[in-house]
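Enquirer: In this note's numbering, the protein residues as written are 1 to 350.
Just so you know, these hints were derived from the structure itself, not from any lab.
Among the hints, a few may not be true.
Taking CB as the label site, the calculated pair distances span [stated by the list, open to error]:
hint: 1; residue 1: Q13; residue 2: H111; range: 13 to 21 Å
hint: 2; residue 1: D258; residue 2: V23; range: 47 to 55 Å
hint: 3; residue 1: M221; residue 2: S86; range: 38 to 46 Å
hint: 4; residue 1: N122; residue 2: L327; range: 42 to 50 Å
hint: 5; residue 1: Q298; residue 2: S89; range: 29 to 37 Å
hint: 6; residue 1: S253; residue 2: E146; range: 23 to 31 Å
hint: 7; residue 1: G34; residue 2: Q294; range: 42 to 50 Å
hint: 8; residue 1: I328; residue 2: S253; range: 55 to 63 Å
hint: 9; residue 1: S307; residue 2: H111; range: 23 to 31 Å
hint: 10; residue 1: L327; residue 2: H60; range: 51 to 59 Å
hint: 11; residue 1: Q13; residue 2: Q298; range: 48 to 56 Å
hint: 12; residue 1: M1; residue 2: Y305; range: 51 to 59 Å
Calculated cross-link-like contacts (lysine-lysine; reagent style BS3-like; alpha-carbon spacing at most 27 Å) [claimed, not checked]:
hint: 13; residue 1: K101; residue 2: K134
hint: 14; residue 1: K179; residue 2: K85
hint: 15; residue 1: K120; residue 2: K92
hint: 16; residue 1: K152; residue 2: K71
hint: 17; residue 1: K160; residue 2: K57
hint: 18; residue 1: K120; residue 2: K134
hint: 19; residue 1: K265; residue 2: K152
hint: 20; residue 1: K134; residue 2: K287
hint: 21; residue 1: K57; residue 2: K120
hint: 22; residue 1: K108; residue 2: K134
hint: 23; residue 1: K272; residue 2: K287
All of these numbers come straight from a predicted model, not from anything done at the bench.
The beta-carbon is built from N, C-alpha and C at its ideal position, and this holds for glycine as well.
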Amino acid sequence: MSYCINPNCCQRQNDESVLECVVCGNPLTFYKEGRYSLIKPLGNIDRTHAYEVFEAKNLHNNTSIIIKVLKSEETEWIKRFEQEKSILSDFKNLGLPRLEKQFNLTLKNGHVLRCLVMEKVNGDNLEEWLQKNKKKNNKFQITEREAISWLKQMAEIIDKLHQRSFFHRDIKPANIMVKRISNQVVLIDFGDARMVTGTVVDPNKDVTSVYSHGYTAPEQMKRRAVPQSDFFSLGRTFTHLLTGIHPDQLPTSPRNDDKLIWRDKAPQIKSKELANLIDYLMEPNFKKRPKNTQEILQRINEIQYRSIPKSVLIGVAFTIGLLIGILIGGGGVYLHLKFNNDRSLIEQNN
């Protein structure tokens, strides 16, 4: 089946043999001699949404891709579209989808669609991953090792964004992909990302609201998002992964509704330091969260070091000591031989 790109078409599914939509007449292959064709929408199509996202095919090389289509012609949405394009163009090889192309498509009725063509990540987003790994007892299995690995990868991606003065503002399981083969994570959906400027942290200024219930930081709910808001969302995402329970459904502290009680729902976590770090990320007051991503990465490195068995550390230390001994010993032998050789030459010359 081919899918019509016209968001106002009343019958968008068409047979593959058809070149134009049988209802609205718009071409089913488009951009430079019909390079792209839509296969199916990703998620539910909602006419009230500004965007639609499709799995598509590049007919020139027969590869699967993702095409994100901006339907809205409002200035604010066009700015977000241009920002996402800019981020994906500038932040290559940083755990983000690769941007292949950007183009505008004018429909027969004159409506202009703005399109981003991105690589298709071979994997699932974490929301899908949770559903696929659901157990009979409504629990999900994520090991401590996976948690540490994914958390570190996410911190490294956020670090690169923050270093370039961007913060994401909508980190949640649906916006994180996991590659099937490598188990690497990829952060997606940058339409709501924002530059870190004075106006963002100025309490007298307003910022466009972005809410994902259960994941959005308290200050962001009050339209005062800061870079540390990403840390809160990251912590909430990992409580969901570790417990299998949506943050909105976890109990909260009697003293603070924004503080989750979750550790007893994640018995597989043996590292108190890891649990402490996740709670640190989710501090209700953003000033009590990590100051920056480097602090998070340092804590993760310490957790990884402590998780190495003592026997392994002793073995590594012994091996290093042995190598140093060999190098020192080898150096001594070399100097001894060189000294004797030089002395023999001197004696011969005399």
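Enquirer: Hint numbers the structure violates, sorted upward?
Expert: Numbers 3, 9, 13, 16, 17, 20 and 22 - these are the hints that the structure violates, sorted from lowest upward.
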